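Colleague: Chain E is already provided as a structure; the job is to place chain G on it using the hints.
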Amino acid sequence: MAVFFGDDYEEKEEAKALIKSLAKLIEKLGDLEIENVEIRAEELTLILQPMIGVMAQAPQLLPKVEKAIETLLKTEFSPPIETYPGQIAEVQIGATRSDGGSRKKVVRIGGEKTMPFYSFEALNPNRLAFAMDVFDMPVALAKSVKQHFEDVMHDPADWAKRCVEDFGAEIISLNLISTDPLIKDTSTKDAAKTVERVLQAIDVPLIIGGSGNKAKDPYVLEAAAEVASGERCVLNSANVDNDYKRIARAAKKYGHIVVAFTPMDINNQKKLNRLLLDEGLSKEQIIIDPTTAALGYGLDYTLSLMERIKLAGLLGDSDLQMPILASTSNSWGAREAWMKSEEWGPREYRGPLWETVTTITAMMAGGDLFMLSHPATVRVIKGLMEDLYGEVDTDQRIQDWITDIGM
Amino acid sequence: MPEKVTLLSVYRFLPQTNCGECGEPNCMAFASKLLERKFTPENCPPLKKPKYKEQMAKLIELIAPPIKEVTIGTGNSIVKIGGKEVMYRHELTYHNPTAIAIDVSDTMDDGKIVETCKAIENISLVRIGETLKLNMVAVRCASKDPDRFSYVTSLVARSCNLPLILCSFDPKSLKAALEKGQVANKRPLLYAVSEENWREVSELAKQYDCPVVIFAPNNLTLLKSLIKTLQAIGIRDIVMDPGSYTEGKLLKDSINNLVMIRRAAIQRGDKDLGYPIMAVPAIIWMGEKQDPITASYKEAYIASLFMNRYADLLIMHTLETWALLPVLTLRQNIYTDPRKPVSVEPGLRIIGKPDEKSPVFLTTNFALTYFTVANDLESAGINCFLLVLNTEGLAVEVSVAGGQFNSSNVRDLFLSSGVEKMVKHNKLIIPGMAARLKGDIEDSTNWEVIVGPRDSSQIKSFLTKYWA
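Residue numbers (the working numbering), protein chains in the order written: chain E, 1 to 407; chain G, 1001 to 1468.
Next up, chain E with everything else stripped away, as it sits in the complex:
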């Protein structure tokens, strides 16, 4: 039997007595079984109406019972808010004329006081930022990405412009892969020229990436840093087994930021970050790249690593208080993103969705800066950002979803 009584014991006893006598009456009437039945206030009202003459007490008791039902159902929810002792460093990418560069726009990332999108407890000061990938030579790209760039792939400056002007890239990530001795072995001088040309073509900040050749990258990045002096570019990347000191020195000398890359290992990440700090870089000049694996290809490791790094930083580990770079365009390495397959359905939708889901996962885990390849991903993610930052009013009603979903 489920009857809600007031808190007050006497009231309960009175109500019980009332219901007992009611039960007797009802038994006679035979239209209500009292066991396993929940008596509600309005029912009591109905039942009691003809009984007023029989039970003198009833009219006074009734409102109390009704009130008791209402109050006992109520409870409070208070948001479980935490505060963290640490805060993530804020990194400014790009420099305007007033601070020594020539960018029209700069991008600030990091500065978090809480985990991503926990806006019930704190507002993180900066939005997540989205860069698009550009290469210094035509490269093998998934068909659905390539179709948007085919005519500009021979010229990284045009490619970069396309990303900014047509697809809304906030930053350009220029990858100087042709410098790889196994590819074209482009000289550091020629690579630096490409950097200059791209900087002139766009007004947004630049990330400058090497080819991944451990021996040559530090020289390529050093030469690029020099021609981009004062622009607060991001040099991508220093790691434990390349000449990170050379890269750190170049960043200090010419006013840039360094990506600290480690392959999926939080302890090595801490070590490298500390090495870079020891080289005299400030936290505001370092971005962490703990490796972004594609959805289905180790994204689980990336997700947990980013969460651990972000939480450690918020809890006060100063070696991990730098914003995180997520190279989510790595999603295109997954065959599910690019391969033709009848079983998996059309790849022109599957590919960008693969990148979108990879990016969302990295966003929720703690990424601050993302590299993307497909224009559709950029568009979708930017729209989602506006939603998640509460910038879009809506009167969405979902109460009738059961009946109102189309077929």
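No lab work stands behind these hints: they were computed from the structure.
Here the structure is a predicted model, which is why all the values come from computation and not from measurement.
We put the beta carbon where it would ideally sit given N, CA and C, even for glycine.
Any given hint could turn out to be false.
[As the list claims (entries may be wrong)] Selected chain G positions facing chain E (in silico; Cβ < 8 Å):
id	residue
1	Arg1127
2	Leu1220
3	Gly1248
4	Leu1251
5	Lys1289
[Unchecked claim] The calculated label-pair distances, taken between Cβ atoms and stated as ranges, are:
id	chain 1	residue 1	chain 2	residue 2	range
6	E	Arg274	G	Lys1289	51 to 59 Å
7	G	Lys1228	E	Gly168	43 to 51 Å
8	E	Lys189	G	Gln1458	50 to 58 Å
9	E	His154	G	Asn1161	50 to 58 Å
10	G	Ala1119	E	Arg274	41 to 49 Å
11	E	Lys271	G	Glu1036	43 to 51 Å
Modeller: What follows is chain G alone, placed relative to chain E:
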């Protein structure tokens, strides 16, 4: 379970006789298995004796996860959701992967209903040796007609063996469906109790012993009130739907709500909110006729957003494989054990029936890489030797960058495998993504290194070009 549960606190409630009936050497070992979730208290035979009744009850309460595990369905057709213990998956493996239901409307014609049920049941995608499947059917009472809903729910129950969700805010419709024995016997999830109908729907949940959803869109105080009320009525299997808004500020609120609920339950010990959470990405499809591609795309990423924020159950609408594959893959990723690399044994594998002229390939021991390459070689009918390098379970690109894929490791594998003696050539084909190690590997092995394709699906065409 909360961190405060220690080995000793669990041990306290065991018989401490070290009888070994459970298969463990002693009660302390049993206690540690309990903590690792490899055993439940029922695995201790003596504990089931009447004299331990009280201890058993206390033990069950002690180790109960802060998020209750709710079972939907019966017999061989069940889905378990919830049972979560942590906020972040690096703390402890997540239990019970997010269940995914697909909706069926009772306004569809019978043939279409049966066909959809079969389609839901038959979708199956194999990744890393695991079959990814959808889990449930959510029948919507869109007709607003209890008789039609009752008919369609039994039709669905007959047409597939998946657990059901009965969706209607109208108690009469839910009642009509449950009155059909074949539906009630499946112990479906009732969707949903609301502020308006809680009396009637909770009564049905109690009468038919069904788990029930509480729907309280963007109102956590109401959600908690309804939970308290249902608890008082004696309902134990509760699932929470705090509302799945899919756009604008309300989407932000939905995401915040999910985090607040989970944190309150896990970190603040709020037992009222210690239930599984569900979300309905299918809401994308409300209203005017949608462009099916745009809607499927959005539904998939909204689903992945909710899955990243604790959803234990999702109701989706799309049946497009291209949209479901990323969602199912994300689920597979999130629910793997974060402490264990997904790797296979390194060493030499024989594919098909190779001879002394057959090619020798090199790959990594990351399980997905290995299975993909092996499967591609097998399905292309290539007889060959496959060297599996220990890259500590990392994929090619990552391990090349990270140094686990290096020429001295390749040499060690090369020598220990004895592959040199099995072939009469000296050509090694390495993954395209390891191209930059060509020279180093040539130096360390004294073999000619051929750079293979970047993806093993291209191996067949590669061989016809480069392998005489």
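Colleague: Restraint: leucine 1251/G near chain E, CB-CB cut 8 Å. Satisfied or not?
Modeller: Holds: closest Cβ of chain E sits about 4 Å from leucine 1251/G, inside 8 Å.
Colleague: In this structure, is the beta-carbon distance linking alanine 1119/G and arginine 274/E contained in 41 to 49 Å?
Modeller: Since the Cβ atoms of alanine 1119/G and arginine 274/E sit about 54 Å apart, the hinted range of 41 to 49 Å is violated.
Colleague: Taking 8 Å as the limit, does the beta-carbon of glycine 1248/G come near enough to a beta-carbon in chain E?
Modeller: Holds. Min distance 3 Å.
Colleague: Holds or violated: 43 to 51 Å for the Cβ distance of lysine 1228/G and glycine 168/E?
Modeller: holds, 48 Å
Colleague: Holds or violated: leucine 1220/G as interface residue toward chain E, Cβ cutoff 8 Å?
Modeller: holds, 4 Å
Colleague: Hint check: is the beta carbon of arginine 1127/G less than 8 Å from a beta carbon of chain E?
Modeller: Where the cut-off is 8 Å and the nearest Cβ of chain E is about 7 Å from arginine 1127/G, the hint holds.
Colleague: How does the Cβ-Cβ distance of lysine 271/E and glutamate 1036/G compare with 43 to 51 Å: does it lie in that range?
Modeller: Once the Cβ atoms are compared, 31 Å apart, the range 43 to 51 Å for glutamate 1036/G and lysine 271/E is violated.
Colleague: Verify the interface restraint on lysine 1289/G: the C-beta must sit less than 8 Å from at least one C-beta of chain E.
Modeller: Holds - the Cβ of lysine 1289/G comes within 8 Å of chain E, reaching about 5 Å at its closest.
Colleague: When you take the CB atoms of arginine 274/E and lysine 1289/G, is the distance between them in 51 to 59 Å?
Modeller: 57 Å Cβ-Cβ, so the 51 to 59 Å window holds.
Colleague: May I ask you to test the hint 50 to 58 Å on the CB atoms belonging to lysine 189/E and glutamine 1458/G?
Modeller: The hinted range 50 to 58 Å is violated for lysine 189/E and glutamine 1458/G, with Cβ atoms some 35 Å apart.
Colleague: Lying within 50 to 58 Å: is that true of the beta-carbon distance histidine 154/E to asparagine 1161/G?
Modeller: holds, 57 Å
The structure fails hints 8, 10 and 11 (numbered hints given earlier, in ascending order).
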